[in-house]
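J.: Given next are the chains, with one letter for each unit.
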Amino acid sequence: MTELVLDVRAVSAGYGKMPIIKDISVHVDHQQIVTIIGPNGAGKSTLLKAVFGLNQHFSGEITFVGMSIFNARTADLVPLGISAVPQTHNVFSSLSVDENLDVGTFAAPPRDAEATKAHILELFPDLKDKLKQQAGQLSGGQRQMVAVGRALMSDPKLILLDEPTAGLSPAYLEVIFDLLLQVRDSGVSILMVEQNAKQALQIADYAYVLVNGENAYEGTGAELLADDEVRRSFLGGGGAP
Amino acid sequence: MELPGIAFYIVAFLTMGGIYAILCLALNMQWGFGGLFNAGIAGFYAVGAYTAAILTSAGSSAHLGGFDLPIVVGLICAGIASGIVGWAIARICVRLKADYLAMASIGIAEIIRLAIVNEEWLTNGSLGISRIPRPLEAFYSGRAAEVVFVVFVWLIVAVTFLVARRLQQSPWGRVMRAIRDNEETAASIGKDVQRFRTETFVVGSVFMGVAGALSAHYFKFFSPDATEPLLITFLAWVMLIAGGSGNNLGAIAGALAIWAIWSLTEVVTQQLPPDWATRSSYIRMLLIGLLLQFVLQRFRSGLFPEKSPKLRISREK
Amino acid sequence: MIDFINFYLIPGITLGSIYALGAVGVSMIFGILRFAHFAHGDLMTVGAYAALTAVWVLGIPALAAIPFAIIVTCLAALLADRLFYRPLRDLPTIYTVIASFGVALILRSIVQTVWGTDSQVYMTGFQKPTIFFDTFRIATRHIQIILATAALTVALHYFLSRTRLGKSMRAVADDPDLAAVAGLDTERIIRWTWIIGAALAAIAGVFVGLDTDVHTNLGWNLLLPMFAAALLGGIGKPLGAIAGGLIIGIAEEACTYPFFGDTLIAPSYKSAVAFVIMVLILIYRPQGLFRGRLM
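Chains as they are written, first to last, in the numbering used here: chain D, 1039 to 1279; chain B, 2 to 318; chain Y, 994 to 1288.
Chain D with its partners taken away, still in its complex shape (with noise of 0.2 Å):
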């Protein structure tokens, strides 16, 4: 059985009065992963920015669950169950890991914190014994641990992630896929935005391809591996996976 969680709808997006997406459209259903590619300047960022209310938004329509969320502020996203994590600065240094977890619960405090906390560490359990260390001294692996870990901990039944593996070494990039899999599985959607395309398709339940901030492919994250046309263009080249 599927549920509708993400409904983006023709959306048109952009900054001041110039559109960078046209027409968008991306459905994210529950426990899902959504992967965005496309090469740079297509408006992948663009379109996590315009469901997360950063940005303005020209025409379409956006729903979560049923609610549209096209002229919502990002503070009203929050509590409904959405959370986001940007690509960078996105753990909070000068706090502690405790502290960026904490973080997490103040827009939308969820039932039983400690117990998200307890089960958002089972997750990622190389942040345990470093609770009380400042999220700035962490290695980027683990930062970004910090910071999935903070969009986790109001629940939520959605999260955006902007290129979670962004210049992270190739095991960690593992690592961290792996995790997002475990994510799913526990509940959450994920969309997300990712330059490690090849990567992220094998592990996306769906995925889009965005050139020009238009759609231009879409498939299971097996169907676009395997088409030819998306391989050649945008997975840098020849090989089947």
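Among the hints, erroneous ones may be present.
Restraint ranges, calculated between C-beta atoms of paired labels, are given here [unchecked claim]:
id, chain 1, residue 1, chain 2, residue 2, range
1, Y, ILE1258, B, ILE85, 19 to 27 Å
2, B, ALA145, Y, LEU1273, 49 to 57 Å
3, D, PRO1117, Y, ALA1148, 25 to 33 Å
4, B, ILE85, Y, VAL1269, 45 to 53 Å
5, D, ARG1270, Y, ARG1079, 50 to 58 Å
6, D, ALA1156, B, ARG196, 52 to 60 Å
Restricting the straight-line Cα-Cα distance to at most 30 Å, the calculated cross-link-like pairs of lysine-lysine (DSSO-like) are [as the list claims (entries may be wrong)]:
id, chain 1, residue 1, chain 2, residue 2
7, D, LYS1236, D, LYS1060
8, D, LYS1155, D, LYS1168
9, Y, LYS1263, B, LYS98
10, D, LYS1168, D, LYS1195
11, B, LYS308, D, LYS1055
12, D, LYS1155, D, LYS1166
One-sided and incomplete, this derived list gives chain B residues near chain Y with beta-carbon spacing under 10 Å [said to hold, decoys possible]:
id, residue
13, ILE90
14, TRP277
15, THR279
16, TYR283
17, GLN294
18, GLU307
What the hints contain is simulated information worked out from the structure, not anything from laboratory work. We put the CB at the ideal spot given by N, CA and C, even for glycine.
With chain D's structure known, arrange chains B and Y on it following the hints.
T.: Same frame as chain D, but now just chains B and Y:
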């Protein structure tokens, strides 16, 4: 008031208005061109005033000075002294966020005030320096002297204006604006941001010193109590923002307009019942404070908004 | 040595406590709203005069008038923010600095208009110092000020590290954009920043009046050492600002002690000490002693 009275009221108005216009043009160099915040204008003004007073006044046993030098020499030295102070503070602060310069400039004004009050051998302390000459004093007296002085002040305003315009239109001015508007971009095309900022701060300080020197000649007497430092600093800011920061004509217009309003508030508060008359100067301050807030919120680009000087693109390749 | 403690160290700590309480607000406002608040000294002045009124009208001692001072000062700060700072929030912060300069003038001229410019005292008469171990003679008001500051420091530490609001404030100071993404209500946090900063400023203002006298330039004169203390402690680090305030207060008094037969500097240049410290910090360690947010 009979007609000559009004005429000389206008002369007095234009004299102080002109001194403020110089101050305002100088602040425009620092803030309008360079985005450098100076909250210690009164300090530079005082350095200039005392330098000129010491160098040009007749001899006195109470303090250093009595060099009896020509007024023009005094003016130049006042500018140099103030410029040196500006250079010292700029060296430290121009690389930091504007707020730090603002905080440090409050400090420099305070140090200058302390030095003036305490170093009696130099400044005669709180008693001040008297017998400061005015230009061509030997030839004119009374009201004629006032007219001579206002002409002198406005000559200096004209010089300041020409220098400011020249700076603004020069390649130097364009780099300054580029730095003000986007420091990273300017730095990335290889401009030495700190050097340019230091220069603009120093040039502004020089003219603030000159304005101070002129006021010393105008009052013929200068002491720590001769001026309210905060008022000077504050009025200069209100004037520049109201006139249009970044625009030299705006700086002059703002100086005259705000000085007119400031002078008018005196007329208005004089009408208050006697109980309130003693408080009138505070009420005037309150009004000017509110005026600044109004200008900041509703009238930010000022009477003469900044416009970039036309690019003169050279034809030869 | 005993003389140093009685006449330099204790007054230095007292003065430092006053700087510290003011600097906390400066540091928090700089950290969260990102501008140097030039009207902070004048908030202290407002607090000192509000307490003076309560002392006159109700006949209570100055310390008991503190709640009244806090209420009036908080209202002044919130009103200033609503009327003069908030409309400029989206502009470069330097415009807000200019506005705060104007607010300083507005607050002071209101105080001058309402209360006049004569110096006032909360109470007249000589206070007998308390004598400890037959050697330490400490004025009662100094004991009160130092103990109260110590208690407030502990409370502030608890507030910032344990409470939801305190952590939210640190989060906003650390990264306002991320705080917004995390759904924190920035305007509410800004409101509380003003309330805490103004309350501490009011207390500091009353302490100045208790230690010396109440006059209309009281706060403006303290602006420089408070800025220096906030910079010394690292911007956005309220506890660092307290340490910075104490260091500057003690340094100012100690510099006038004849360590080597002669004083280090003439007492009349005492307030230059704060400036020298500020300049040294700006040159060598702009992030402050406690690694505040460098801008």
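J.: Compare the structure with each hint and give your call.
T.: Hint check:
1. Between Y/ILE1258 and B/ILE85, the C-beta spacing of about 22 Å keeps the proposed range 19 to 27 Å intact.
2. For B/ALA145 and Y/LEU1273, the hinted distance range of 49 to 57 Å is satisfied, since their beta carbons lie about 53 Å from each other.
3. Judged by the Cβ atoms, the range 25 to 33 Å given for D/PRO1117 and Y/ALA1148 holds: they are separated by roughly 30 Å.
4. A C-beta distance of roughly 18 Å is found between B/ILE85 and Y/VAL1269, which places it outside the suggested range of 45 to 53 Å.
5. Separation of D/ARG1270 from Y/ARG1079 is about 54 Å and conforms to the stated range, judged on CB atoms against 50 to 58 Å.
6. In this structure, D/ALA1156 and B/ARG196 meet the distance hint of 52 to 60 Å, their C-beta atoms being roughly 57 Å apart.
7. At roughly 25 Å between alpha-carbon atoms, D/LYS1236 and D/LYS1060 fall within 30 Å of each other, so this suggested pair holds.
8. A C-alpha spacing of about 14 Å is found between D/LYS1155 and D/LYS1168, which places the hinted pair at or below 30 Å, so the restraint holds.
9. Using a Cα cut-off of 30 Å, the hinted pair Y/LYS1263 and B/LYS98 holds, with the two alpha carbons roughly 27 Å apart.
10. With a C-alpha separation of about 27 Å, the suggested pairing of D/LYS1168 with D/LYS1195 holds against the 30 Å cut-off.
11. Taken as a hint, the B/LYS308 and D/LYS1055 pair is honoured in the structure, with Cα atoms around 24 Å apart against an allowance of 30 Å.
12. With a CA separation close to 10 Å, the supplied pair D/LYS1155 and D/LYS1166 stays within the 30 Å bound.
13. The restraint placing B/ILE90 at the interface with chain Y holds, with a minimum CB-CB distance near 9 Å, inside the 10 Å limit.
14. Taking 10 Å as the C-beta contact cut-off toward chain Y, the hint placing B/TRP277 at the interface holds, the least distance being around 8 Å.
15. Taking 10 Å as the C-beta cut-off, the interface hint given for B/THR279 holds, the closest approach to chain Y being about 8 Å.
16. A hinted interface residue such as B/TYR283 counts as satisfied when its beta carbon comes closer than 10 Å to some beta carbon of chain Y; here the least separation is about 4 Å, so the hint holds.
17. Nearest Cβ of chain Y to the Cβ of B/GLN294: about 5 Å, under the 10 Å cut. The hint holds.
18. Contact between B/GLU307 and chain Y, as hinted, is not supported at the beta carbon level, the nearest pair being about 15 Å apart and thus beyond 10 Å.
Hint violations for this structure: numbers 4 and 18, all remaining hints satisfied.
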